[in-house]
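**Q** Residue-level listing of the chains:
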Amino acid sequence: MYTSVVRLQNVFGFFTTVAFVVAAFIAASDFLTDRAPIVRTLKTTSVQVVRGRPHYYSSKKEEYAVINFSLDADLSSLFTWNTKQVFVYVSAEWPAADYAKTNATNEAVIWDTIITSPSADHLANIGPVAMKKLRKSAGGKSIDPNRGKLSLKNQRHKYKITHPSGKLAMTDNVTLRLHYNVQPWVGLLTWDQDVDYGYWKALKNGVSKRFKLPAIKEKKPASAGAR
Amino acid sequence: MLSGLANPRQAAVQLMNFGLILSTAFMMWKGISVITDSPSPIVVVLSGSMEPAFQRGDLLFLWNRNILAETSVGEIVVYNVKGKDIPIVHRIVRKFGKGPEAKLLTKGDNNVSDDTELYASGQDYLVRKDIIGYDDWLSPVLGRFDYSANIVLNRSVFAYIPFVGYVTILLSEHPWLKTVMLGLMGLVVVLQRE
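Chains A and B, in that order, give the protein sequences. 3 is the number that the numbering used here gives to position 3 of the first sequence; each next residue is one higher, with no gaps. 86 is the number that the numbering used here gives to position 86 of the second sequence; each next residue is one higher, with no gaps.
Careful, some of the hints might be misleading.
[Claimed, not checked] Below 30 Å or equal to it, Euclidean Cα-Cα: the simulated BS3-like pairs (lysine-lysine) are:
#1 K103(B) <-> K217(A)
#2 K212(A) <-> K103(B)
#3 K133(A) <-> K101(A)
[Claimed, not checked] Distance windows between CB atoms, simulated:
#4 A100(A) <-> L20(B): 44 to 52 Å
#5 S4(A) <-> V34(B): 34 to 42 Å
#6 I126(A) <-> S113(B): 12 to 20 Å
#7 G139(A) <-> T116(B): 27 to 35 Å
#8 G186(B) <-> G139(A): 53 to 61 Å
No lab work stands behind these hints: they were computed from the structure. Small disclaimer: the values here were computed from a predicted structure and weren't measured. No residue lacks a Cβ here, since even glycine has one placed at the ideal position from N, Cα and C.
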């Protein structure tokens, strides 16, 4: 009855049970920590619409919105012992053509960044110099209160955005929105929320003022006397 | 240990036991499938395109129902490219419109460019129902069941356990391990006297 196979099975079974229970407790601990992310500033600094091609070999011309922005936000309360990284992204949202009927909107990410928790710094996809700097910035602490503090002035967009129709110029009622996605070491993935849940407060002030995209910026003529 | 084989009745009982274990596991899997509305509610990360969030071998739990809100920008979804059997776990970065016809564009956090090049030719965007369930490693053994039903929509990742799934990567990269493992499981169950 008590063969070594049975013993091995029991040990392995007990190990997995304990591992899963501990993991469940760690995951549950997320709900008991405060989250109070705030955005102090989120505004556009320059908005342009230019014509371009989706890729090098395409002959299709589309309109692209080029949006630069300023952001001042404090997401440091999202970093706990179970946080692996926070994915922060700024999106532009504007009403779809049939908005009046369906309430449909379009949303596209213009900028994003990954803020790793010090415990996950070694996983970041960056060069050795930047890695050394990043690890040093935490100063050996497992939770660094400076992580998640974003202060960007006139930040360049990362992605030029377009619309399947290829038309974007003069679009009105565009807003920028700050979002985040908290990636745990184990447990539930969570996103920014509009309402408070228990210890987790809603993201305040995460939407910019409405703005309008300008007309297409024409390229300057190559030479004045071309005609 | 081998005494079970001496008695045919005992052997039959043990065979039944083995069948019971297999069918219980199968029923649990399908039960979770029904609850989450996803043919494979738990997937293993196969590539590093979402690093550092997900590494190879991490286990993702998927939820495919839109009860409170639509699938929207920022969510991580699993989709299959038409004609390929590799599930891709990427983040939605653009969404145009609303409802089942909304056009979605995805991108891996660790990739420089979006997934337009990964999609089938002529396909610039995904839609909510574009996404088809994928063959998990057990399906060649248990047979294909509802994978052809094409009911699978966009599956969003909602929970995460690191590394546990690495076994399945080993199993799919070295198929002989599958045979060995199933054989061992069978042997242990049949030979073991409860």
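**Q** Against this structure, judge whether each hint is valid.
**A** Hint-by-hint comparison with the structure:
{"no.": "1", "hint": "K103(B) <-> K217(A)", "verdict": "holds, 27 Å"}
{"no.": "2", "hint": "K212(A) <-> K103(B)", "verdict": "holds, 23 Å"}
{"no.": "3", "hint": "K133(A) <-> K101(A)", "verdict": "violated, 52 Å"}
{"no.": "4", "hint": "A100(A) <-> L20(B): 44 to 52 Å", "verdict": "violated, 59 Å"}
{"no.": "5", "hint": "S4(A) <-> V34(B): 34 to 42 Å", "verdict": "holds, 40 Å"}
{"no.": "6", "hint": "I126(A) <-> S113(B): 12 to 20 Å", "verdict": "holds, 18 Å"}
{"no.": "7", "hint": "G139(A) <-> T116(B): 27 to 35 Å", "verdict": "violated, 41 Å"}
{"no.": "8", "hint": "G186(B) <-> G139(A): 53 to 61 Å", "verdict": "holds, 54 Å"}
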